[in-house]
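As they're listed, the protein sequences go chains A, B, C and D.
Those letters in the first sequence? Residues 1 to 304, by my numbering.
Those letters in the second sequence? Residues 305 to 668, by my numbering.
Those letters in the third sequence? Residues 669 to 922, by my numbering.
Those letters in the fourth sequence? Residues 923 to 1331, by my numbering.
Simulated from the structure, these hints should not be mistaken for lab results.
Honestly, I wouldn't trust all of these hints.
[Claimed, not checked] Straight-line distance between alpha carbons at most 20 Å, and here's what the computed EDC-like set of lysine to aspartate or glutamate pairs gives: (1) C/826 to B/551; (2) B/598 to D/1216; (3) C/867 to C/914; (4) D/969 to B/510; (5) D/1261 to D/1056; (6) B/598 to A/131; (7) B/655 to A/90; (8) A/88 to C/766; (9) D/1180 to A/131; (10) A/88 to C/806; (11) D/1055 to B/551; (12) D/1033 to B/369; (13) D/1033 to B/514; (14) D/1055 to B/630; (15) D/1030 to B/630.
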Amino acid sequence: MILFLEQLLNGLQFGVMLFLMASGLTLVFGIMNLVNLAHGSFYMIGAFVAAAIVASSGSFVLGLLGALLATAILGIAVEMLIFRVLYKRDHLEQILATFGIILFCNEAVQVIWGKTPLFFDIPAALSGSVELLPGLNYPLFRIGVIGVGIVVAIFLYLLINRTRLGMAIRAGSSDREMIAALGVNIKLLYSLVFGLGALLAALAGVMAGPILSVESGMGESILILTFVVIVIGGIGSIKGALAGAVLVGVVDTLGRAFMPELMRMALSGGAADSMGAALSSILIYLLMAVVLIFRPRGLFNASH
Amino acid sequence: MQVTKTTTLGETVALNEPLAPASSQQHGKVQVSHGTGRRWPLSRWLTLLTFAVLLALPVLLAVLDNSFLLTLVSRCMIYGIAAISLNLILGYGGMLSLGHAAFFGIGAYVVGITAQNFMYGTALMEWPFELAASNDAIVVWPVAILLSALAALLIGAISLRTSGVYFLMLTLAFAQMIYFIFVSLDQYGGDDGMNLMSRNTLLGLDLDNDLTFYYVCFGCLLLIYLLVQRLIAARFGMVLRGCKQNEQRMQAMGFPTYRYRLMAFALAGAGAGLAGALIGNQMEYVSPNLLHWKMSGELMVMVLLGGLGTLLGPLWGAFAFLLVEDVLSGITEHWMLFFGPFLILVVLFAKGGIYGYLIRKEQP
Amino acid sequence: MSTTDTPWALEARGLVKRYGQLVATDHADICVAKGELHALIGPNGAGKTTLIKQLSGEIFSDQGQIRFHGADITRMPIHQRAHRGLVRSYQITSIFEEMSVIDNVALAVQALQGHSFRFWRPAASDARLREPAFRCLERVRLAHRASVLAGNLAHGEKRQLEIAMTLAAEPSMLLLDEPMAGMSPEESGQMVELLQALKGEHSILLVEHDMDAVFSLSDRLTVLVYGKPLVTGTAAEIRNDQRVREAYLGEEAA
Amino acid sequence: MPKQSYVSNPSRFSAVSQRLLPGLCGAALVLAGSSLLSTAVAAEPVKLGMITTLSTKGGYLGEDMRDGFKLAVEQGKGSLGGIPVELLVDDDAGDPQKGKQIAERMIKSDKIDMMTGIMFSNVAMAVVPSVLKDGLFFVGANAAPAPFAGKMCNPNYFNVAYQNDNMHEAMGEYLTQQGYKSVFLIAPNYPAGKDALTGFKRFYKGEVKQEVYTKLDQSDYAALISQIRADKPDAVFYFLPGGLGVNFLKQYDQAGMKSEVKIFGPGFSFDRRLLGAVGAAAEGVMNSSEWNDDLPAAGNAEFVQAFHTAYGRYPTLYAAQAYDAANLIGSALKQVDGKLDDKDAVRKALMAADFSSVRGSFRFNTNHHPIQDIYVRQVIKLDDGSYANKTVSKVFEQHQDAYVSECKL
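Chain A extracted, bound-state conformation (with noise of 0.2 Å):
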């Protein structure tokens, strides 16, 4: 039981990582209808900086708002010099284009930090672990995740239904010719929305790289994790990815944690290891493919 709660929890921290990620990507998507691959590569990009920010300066707050900063104008950039063109091509163009970008990234991060992964550790204040329940020992930066997570699930749910801001993205992942009428300046609102995506994959970044190994490609693992979140919850809605978020993650763990022993009970040892692996591997695919079977355009879909 407490091996299971424990479980729920390693699900819940894995979901909030995701749902950094699917924010930010699925209002890129919805509002300005553009598939952009190169999302990993700001999550990317956010771990290494805060990661030789935090190398030079042992300041892991230093390191978050350098990386947050940094990423945000990186995606600001990067967002006026090619994607403006992009939002007027269809997706495959897209695609390509931002498929590049991240072939591009990769190898830029190995030539400025070098090949091998980063150092990245968790600041002291929040190493270590605690005991929630007697027995159920959590790690302290995990639950701090989990929190940040939180945070930014309110912070984004206050932004988008009590700002000015807020009316012209949902005004704008529903209807676009609404914003031009609401005298929104869509170029300026795109650009602080793309910003915005930017900053928090870095968020995802930074909360990432002392949990894993910050290194070229990281971003790909996730990327294709939270694009099956963003689809599962519906494009356009945050709503979507933070229901997404969490049931890919606390599907992905459970099956992980759990599916292997379920395989052992029908199968002999060695073939049951192997089959509970592949089975939970492909556990989230399936997931994705039931939901769009039975709802083609996600759990909460944005725009009819």
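Using the hints, position chains B, C and D against chain A.
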């Protein structure tokens, strides 16, 4: 102006580029609008030139004693076949599939698995009936094509219930499932892949000879090219292109569009299966890498690089992609630093891909 | 076409379509006699397009029944209705812009001729497609533009093409959704002429805002308000109906 | 040929131009002329092709492999064993298909005389058989999948590094020696992962609590760590190459598990470059390796120093293996005086392994894989705050792999 009598052949070739104003598709009473202009559009010249060069290349290479280029061009042609098949659904059918590598990989694995069984003299199947493995391409390749088409039929049947990016993600999902299954299949090498000790034989031809193999690839490419050309110009192709531009309207006109799109998806899968069987033979090695989503992505990039929805574009795209990659990676280990921006520049400035850009410039 | 002895080409009873809270059509009845040109008018948002979509089969009704030449087609998908001869044209021009004009019509002809799982013979040299298609273009006076890319046509020409494509399906009944929207007066005039010529050969349900055209063309009219048919009658009856004046013409006139 | 010919880029340029020129028909004569010319020059250097992984996540591994090899060439002033060599290096990006293509180019276009390198097993599986089929010698400097040591062993295939299972076998033996009663095993779900755990179990005599195979691109191991905590084994043995291992070890440490259940791994996850990324999380962990920078073998200290001088970082296992590979090739070249036509002589010369390995004692088994000592090392913190390994004990003396009996050489 006189009514020009176009031969059947003339019309099919003119249909080469469906996006061009179909000015040669006259009805008897319609006047020819460009009778005084160039009779042969650039696209036809380029097609002839491309295939002529491919046909003659081995001779030139024999003079130069460069057998590497022979294998490299063979590989380009094989990827060209895969890209042409992808273009059928991507360019003509408007179906954004990011799972094409699955069919490519299945074709390759059919070759790999039969080769392994053939090598060890084991049966392919013992139940429900015993099936001995063959090493003849005339048996193995059609099986590869068939199985890939079948897989495409199944995946397409489910995925085509959705559209756009949702379709993209569903095809990706199924391809990834197949990828992970092959990764965990120990008896077929898992992630390490499997080695073919030799290539298939084809009706007594020795495919281990690179020159023979080159011309087999060339033949397959030509065949696929011609088939797609006919298919696109035929009634089926008209429906497919109609579905891409306005599916709802097609339904309103009375077309059960789902069936046509599914058929196109399965045919594209079959084409990829042939390409897969060829690449398995060319490399004498198959691995799950062939099924990975990055391979699907690369095939997609090839199509776009050359020209989406053009007949020759995907082939050019395959050549451009593989050759640029090969040359760049030879110059610097940081080749991706240049290859990435190259792709971006193509999107930003060569709209419609390299080949698409060329032939579009010609049109008024 | 049909052996049943019903006088109606199309007979729809009690159609309802809801979008969440919004009731787009609310127990709408509409009957079109064989060979009749029946107009459907009403203020913006009255549910005209929704009703057309229900009749054509793009959306299914939540309640109600639709009969076409006596046969129940309520749950029949759109392409089968088309095969039976019930075909609609579109309000927002819905042609294949990347194909030539003749190809657009040929595609519509093709839809009639059984399945299209034909992979070999070029469609462009297929007289069975080209000749009927060309005849349709002649009927709408667009034959001289046959080889032009449809996307390059002028607005009025696109509407003509739209009608040609609808005709190509050899329909017994046409559902025409605002064929004159956005046309210049000159183009409208041509369209009225065209519809006049089609009248009698086909049963037609016409949705149109151009009142002059509607009143000059239609045999009968139905006025739709808030998803409900307010009144049905001849042009003269509608013109003199007090309720219509209040609900509709008054607003329009103002 | 210039002295600096081992630098990969200039020579690669010529290969590129050779491939591009055929497009320009007029170049045919020029090329034909140049090839005539080159056969006329007597002191043509021996061309060595190295396929390794320089880009993508595994890039640093290949970088060390390349630099270790280059160091040996540089020390010989552009020659190995006194014979001038030209080294062509190309990046396979960890992709077997790409590796295969490079191999074809090196063999058919660049006309190399011998091939070396290869970081990953799947690339080796794709590349090596065709290299051997073309009659070339292959001297492996890292990847050594089981088939090449057993059923598929080949007279022209040599591997200087090890057989893939060796380090895991050593850890299994060490844990048995140290009396750990139960163990929890982790590896990725691919053949090398399964081989690793098989190798471990071959020498481990205690109870295996669980054997978990993770998804190939798994990055978060929280679920797994929770499972370990619940299972309460005596020890954990994991094989997660590269970044995967970094992820796991960091997370294991963060969960406070390092003090609860002792953790062990093969040396792959504890080279000095990775230790820089893992940091304190790795301190004190025992791992196995056939080489370490503090081994007293003749020339080892000099190698470490020279490598550091040349590249500004300390060598890893991969660099040491490649350095050995270069010196092995050098010893053979010297023996046959640079003449590679007599295959038997070359084979005999390679087999003799008449070079001074930085590992110490080294000889080839009948399957052309090494018979060597394997050590257990411990991660320690140095005075400058960086981390390194200290050799603790020798687990295996003159160890040979398990597949040699399947090889019919």
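A quick look at each hint next to the structure:
1. Pair hint residue 826 of chain C plus residue 551 of chain B holds up; C-alpha atoms about 18 Å apart against a cutoff of 20 Å.
2. Under the criterion of a C-alpha separation no larger than 20 Å, the hint pairing residue 598 of chain B with residue 1216 of chain D is inconsistent with the structure, at around 42 Å.
3. For the given pair, residue 867 of chain C sits about 30 Å from residue 914 of chain C by alpha-carbon distance, which is inconsistent with the 20 Å threshold.
4. For the proposed pair residue 969 of chain D and residue 510 of chain B, the alpha carbon gap of about 31 Å is over 20 Å, so the pair is violated.
5. Restraint check for residue 1261 of chain D and residue 1056 of chain D: satisfied, since their Cα atoms lie roughly 18 Å apart, inside the 20 Å limit.
6. Taking the CA atoms of residue 598 of chain B and residue 131 of chain A, the gap is about 42 Å. The hint is violated against a cut of 20 Å.
7. Only pairs whose Cα atoms come within 20 Å are accepted, and residue 655 of chain B paired with residue 90 of chain A is accepted, the gap being roughly 11 Å.
8. Restraint check for residue 88 of chain A and residue 766 of chain C: the C-alpha separation of about 18 Å stays at or below 20 Å, so the hint holds.
9. Restraint check for residue 1180 of chain D and residue 131 of chain A: satisfied, since their Cα atoms lie roughly 17 Å apart, inside the 20 Å limit.
10. This hinted pair does not check out: residue 88 of chain A and residue 806 of chain C have alpha carbons roughly 37 Å apart, beyond 20 Å.
11. Only pairs whose Cα atoms come within 20 Å are accepted, and residue 1055 of chain D paired with residue 551 of chain B is rejected, the gap being roughly 53 Å.
12. Proximity of residue 1033 of chain D to residue 369 of chain B is assessed by CA-CA distance (about 11 Å); at most 20 Å being required, the pair is judged to hold.
13. About 17 Å separates the Cα atoms of residue 1033 of chain D and residue 514 of chain B, which keeps this hinted pair within 20 Å; it holds.
14. For a cut-off of 20 Å, the pair hint linking residue 1055 of chain D to residue 630 of chain B is broken: about 23 Å separates their Cα positions.
15. The hinted pair formed by residue 1030 of chain D and residue 630 of chain B meets the criterion: a straight-line CA distance of about 15 Å does not exceed 20 Å.
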